[in-house]
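What follows is the residue order along each chain.
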Amino acid sequence: MQRRSFLKGLCAASAAAAVGPVLLSAKEEANAAPQGPNALSYAMAVEAITSGKAVTESTKIDLIVPEIAENGAVVPVKVNVDHPMEENNYVKAIHVLAKENGNSRCADVMLTPLNGKGYFATRVKLAKTQEVVALVELSDGSFLSAGKSVKVTIGGCG
Amino acid sequence: MAAEKRRSMIKMKPKKYKVGDTISVDFIIIHPMDTGMQKDKKTGNIKPAKYLDNVTFLLDGKPFTTMKVWETVSTNPYFSVNLKVPGEGEITVEYTDNTGEKGSKSAKLKPKG
Numbered sequence: 002m003q004r005r006s007f008l009k010g011l012c013a014a015s016a017a018a019a020v021g022p023v024l025l026s027a028k029e030e031a032n033a034a035p036q037g038p039n040a041l042s043y044a045m046a047v048e049a050i051t052s053g054k055a056v057t058e059s060t061k062i063d064l065i066v067p068e069i070a071e072n073g074a075v076v077p078v079k080v081n082v083d084h085p086m087e088e089n090n091y092v093k094a095i096h097v098l099a100k101e102n103g104n105s106r107c108a109d110v111m112l113t114p115l116n117g118k119g120y121f122a123t124r125v126k127l128a129k130t131q132e133v134v135a136l137v138e139l140s141d142g143s144f145l146s147a148g149k150s151v152k153v154t155i156g157g158c159g
Numbered sequence: 206m207a208a209e210k211r212r213s214m215i216k217m218k219p220k221k222y223k224v225g226d227t228i229s230v231d232f233i234i235i236h237p238m239d240t241g242m243q244k245d246k247k248t249g250n251i252k253p254a255k256y257l258d259n260v261t262f263l264l265d266g267k268p269f270t271t272m273k274v275w276e277t278v279s280t281n282p283y284f285s286v287n288l289k290v291p292g293e294g295e296i297t298v299e300y301t302d303n304t305g306e307k308g309s310k311s312a313k314l315k316p317k318g
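First to last, the sequence lines map onto chains F and Y. Count along the first sequence from 1, add 1, and you get the number used in the numbering used here. Count along the second sequence from 1, add 205, and you get the number used in the numbering used here.
Hints should not be assumed to be uniformly reliable.
Ranges between beta-carbon positions, derived for each pair [to be verified]: (1) F:E48 with Y:K220: 42 to 48 Å; (2) F:A55 with Y:K247: 26 to 32 Å; (3) Y:K220 with F:K79: 17 to 23 Å; (4) F:E71 with Y:K221: 20 to 26 Å; (5) F:D63 with Y:K255: 41 to 47 Å; (6) F:V75 with Y:S309: 24 to 30 Å; (7) Y:G225 with F:I65: 23 to 29 Å; (8) F:A40 with Y:K218: 19 to 25 Å; (9) Y:V224 with F:G148: 33 to 39 Å; (10) F:V75 with Y:K216: 15 to 21 Å; (11) F:G156 with Y:V224: 44 to 50 Å; (12) Y:K223 with F:E48: 28 to 34 Å; (13) F:A40 with Y:G266: 34 to 40 Å.
Calculated Cβ distances over 12 Å to all of chain F for the following chain Y residues [claimed, not checked]: (14) R212; (15) S213; (16) M214; (17) I215; (18) D226; (19) K247; (20) P291; (21) T301; (22) S311; (23) K313.
Note that these hints are calculated values from the structure, not bench results. Predicted model, so just to flag it, every value in this text is computed and none were measured. Even glycine gets a Cβ: it sits at the ideal position worked out from N, Cα and C.
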């Protein structure tokens, strides 16, 4: 065997050995990745909403969720935003996201100054213990967020 | 329109309010909100997805809140938003689901005093 071909072979083999585990782990990730028609991870959902803009954590948002939810299928979520609702300065949207759900988006609510207050309440399903995040968009284009973790005893997504 | 008529309800809280008050408007609807991942316990087949995707709150035909909703919202959903009462009028909530089912529900807005 020539030295050149031997080295080439060695290179290819080591490359394959290096790539092998990566491919395997990628496959495992694909298996573990959320499934379903609308599956979307939390990071991608935030990216889609903010289109890359910075999100600041804020104490102006009052996110009310139970600390422990016995039934993950019905978890009440309340979002109160302490912000004026005037003609040119109002809460434009409230997005409710659940970080670990297959589809992390729950509801996108577009508000107008007619609402009088930045408030939204609903009930959501949570698959497991995770953080619920309220992402608020103001009319000037800035984003605020607040998150709280909820302990789920029985998952709600069958 | 679906053959079966869905039961839905609009509630205003508090019951007595004046012009200029901020009240909460709740919309409750009987809807399965199937995720498309659950199995039917009787037949063992996977139930197709059926969930609300758009809900719009209108005041006299003008939308004041529009929502995009996903299957992660609970069965028999409940949505609550606030409204600053501008005067007498009619609140309508229109909804569509992912299978194309449509519907609406109306309630009168009657401020006193």
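Consistency of the hints with the structure:
1. F:E48 with Y:K220: 42 to 48 Å: Between F:E48 and Y:K220, where Cβ atoms are some 43 Å apart, the hint holds.
2. F:A55 with Y:K247: 26 to 32 Å: violated (50 Å)
3. Y:K220 with F:K79: 17 to 23 Å: holds (20 Å)
4. F:E71 with Y:K221: 20 to 26 Å: Given range 20 to 26 Å: violated, Cβ gap about 35 Å.
5. F:D63 with Y:K255: 41 to 47 Å: violated (33 Å)
6. F:V75 with Y:S309: 24 to 30 Å: holds (25 Å)
7. Y:G225 with F:I65: 23 to 29 Å: Check passed, 26 Å falls within 23 to 29 Å.
8. F:A40 with Y:K218: 19 to 25 Å: violated (36 Å)
9. Y:V224 with F:G148: 33 to 39 Å: Check passed, 37 Å falls within 33 to 39 Å.
10. F:V75 with Y:K216: 15 to 21 Å: Distance hint for F:V75, Y:K216 holds at roughly 18 Å.
11. F:G156 with Y:V224: 44 to 50 Å: Given about 46 Å between the Cβ atoms, the range holds.
12. Y:K223 with F:E48: 28 to 34 Å: violated (44 Å)
13. F:A40 with Y:G266: 34 to 40 Å: The hinted range 34 to 40 Å holds for F:A40 and Y:G266, with Cβ atoms some 36 Å apart.
14. R212: holds (17 Å)
15. S213: holds (15 Å)
16. M214: holds (15 Å)
17. I215: The claim holds: Y:I215 sits with its nearest Cβ about 14 Å from chain F, beyond 12 Å.
18. D226: violated (8 Å)
19. K247: holds (14 Å)
20. P291: Contrary to the label, Y:P291 does not stay out of reach of chain F, its closest Cβ about 7 Å off (not over 12 Å).
21. T301: Its Cβ never comes within 12 Å of chain F, the nearest being 15 Å, so this holds.
22. S311: Non-interface label on Y:S311 holds, nearest chain F Cβ at 17 Å vs cutoff 12 Å.
23. K313: holds (17 Å)
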